[in-house]
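Colleague: Given these sequences and hints, build the entire structure.
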Amino acid sequence: MDIRRFSLYPPAAGRAHTRTTNVYLLERGNARWLIDTGYGISQLDAILGGSTEPEDLRGIVLTHRHPAHAGGARDLMLRGLPVYVRPPIPRSSPPGLGALGVARAESTCGRISREIELLPGKERFVGESSSLPEAEEALVLALPGHTWDGLGVYLPRRRALFSGDLLLPGRAVPTLSCGDALAYLSFGESTLFSANLLVALRDSLRRLESLEDFVLYPGHGEPVEEGKDLLRHVARQVEDRLLLVRDRVHRPSTAFEVARELFPRAVRKDPAKAAVEVALYLDVLVREGFLRLEWEACPSGRPCAHFLPPDRVRRVPLSERA
Numbered sequence: 001m002d003i004r005r006f007s008l009y010p011p012a013a014g015r016a017h018t019r020t021t022n023v024y025l026l027e028r029g030n031a032r033w034l035i036d037t038g039y040g041i042s043q044l045d046a047i048l049g050g051s052t053e054p055e056d057l058r059g060i061v062l063t064h065r066h067p068a069h070a071g072g073a074r075d076l077m078l079r080g081l082p083v084y085v086r087p088p089i090p091r092s093s094p095p096g097l098g099a100l101g102v103a104r105a106e107s108t109c110g111r112i113s114r115e116i117e118l119l120p121g122k123e124r125f126v127g128e129s130s131s132l133p134e135a136e137e138a139l140v141l142a143l144p145g146h147t148w149d150g151l152g153v154y155l156p157r158r159r160a161l162f163s164g165d166l167l168l169p170g171r172a173v174p175t176l177s178c179g180d181a182l183a184y185l186s187f188g189e190s191t192l193f194s195a196n197l198l199v200a201l202r203d204s205l206r207r208l209e210s211l212e213d214f215v216l217y218p219g220h221g222e223p224v225e226e227g228k229d230l231l232r233h234v235a236r237q238v239e240d241r242l243l244l245v246r247d248r249v250h251r252p253s254t255a256f257e258v259a260r261e262l263f264p265r266a267v268r269k270d271p272a273k274a275a276v277e278v279a280l281y282l283d284v285l286v287r288e289g290f291l292r293l294e295w296e297a298c299p300s301g302r303p304c305a306h307f308l309p310p311d312r313v314r315r316v317p318l319s320e321r322a
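So the sequence shown is numbered by full-length UniProt numbering: it starts at 1 and just counts up by one.
Mixed in with the good hints there might be a few duds.
Claimed, not checked - Quick list of simulated restraints, FRET-style, between CB atoms: (1) S130 <-> G188: 29 to 35 Å; (2) D56 <-> S190: 51 to 57 Å; (3) P133 <-> P309: 50 to 56 Å; (4) E261 <-> G127: 52 to 58 Å; (5) P133 <-> A103: 48 to 54 Å; (6) G127 <-> R251: 43 to 49 Å; (7) P309 <-> D75: 25 to 31 Å; (8) R302 <-> R158: 28 to 34 Å; (9) P169 <-> R124: 26 to 32 Å.
Hint data in this document are derived by calculation from the structure and do not stem from the laboratory.
For glycine and all other residues, C-beta sits at the position ideal for the given N, C-alpha and C.
Modeller: Spelled out as structure tokens, the structure:
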């Protein structure tokens with residue numbers, strides 16, 4: 001199966017925008033598949049010479065539904081093309097960023113995490129691991145972590161992995177989608193999130209470790225020949241950040257307080273987003289017994305999640321825990 005990569009600029013920004021989004025075309029004889037659809041249908045028609053009809057393409061796999069990756073998907077569905085995605089996960093209404101100790105709640109969370117709406121009832125949902133119809137050598141893998149609906153495509157014969165935004169060159173720790181994380185923020189008695197996106201990320205990284213060496217084809221940036229090395233580096237960085245966050249908590253602290261001390265630049269840029277990401281790490285530490293969670297009143301009078309060390313804690317590196 002042949003692979004073609006197209007690096008697309010946001011239409012409004014043009015080449016002044018330094019970050020491009022990758023769209024991949026898989027070809028085997030007359031059968032062609034798209035991985036992601038970029039910013040919109042006009043770009044796709046241009047790069048594919050207008051060959052975006054059902055007789056030209058077998059279907060599309062979306063690594064996730066953020067606008068930079070799924071912008072043209074709805075239009076392709078209107079043309080009758082199948083779009084393969086992960087099933088949506090029911091979401092609850094979050095209790096508010098005040099629970100993390102954030103006084104000023106302005107955030108880019110909603111804008112960054114906005115999802116492209118597809119045609120309801122017309123999506124083709126895939127499971128944990130599926131083969132594409134008419135392309136059995138292409139395995140679609142569930143890879144939540146950047147988002148809950150994350151997908152990857154693996155070509156065993158080519159040893160090629162298309163990771164979306166789960167693994168990106170030049171980024172040590174994957175970005176955890178703020179909006180996806182907030183969807184499961186809750187006033188739980190023992191955990192802060194009813195479902196934790198960082199837990200899903202670590203599970204996905206472990207799952208990819210079982211693959212043979214692969215070339216990584218990311219959602220942004222150049223392909224990486226030694227994709228397995230990048231995977232292992234990212235996994236180590238995630239565990240190191242967990243240790244960094246754990247060792248900061250010596251007294252009852254909110255997620256915002258921990259973020260402000262460890263990542264001041266991120267807090268200055270977007271305090272809410274920084275607090276949400278740190279909260280995911282703190283919640284994992286609670287789940288694994290390194291910290292405990294207590295609900296106390298914030299200066300606003302509303303309940304805030306405070307994290308503190310348990311009375312007795314076994315200081316074993318997280319990477320060594322079963």
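Colleague: So, for every hint listed, does it hold in this structure?
Modeller: Tested hints:
| no. | hint | result |
| --- | --- | --- |
| 1 | S130 <-> G188: 29 to 35 Å | holds (33 Å) |
| 2 | D56 <-> S190: 51 to 57 Å | holds (53 Å) |
| 3 | P133 <-> P309: 50 to 56 Å | holds (52 Å) |
| 4 | E261 <-> G127: 52 to 58 Å | violated (42 Å) |
| 5 | P133 <-> A103: 48 to 54 Å | holds (52 Å) |
| 6 | G127 <-> R251: 43 to 49 Å | holds (45 Å) |
| 7 | P309 <-> D75: 25 to 31 Å | violated (53 Å) |
| 8 | R302 <-> R158: 28 to 34 Å | violated (53 Å) |
| 9 | P169 <-> R124: 26 to 32 Å | holds (30 Å) |
Of the hints listed earlier, those the structure fails to meet are numbers 4, 7 and 8, in rising order.
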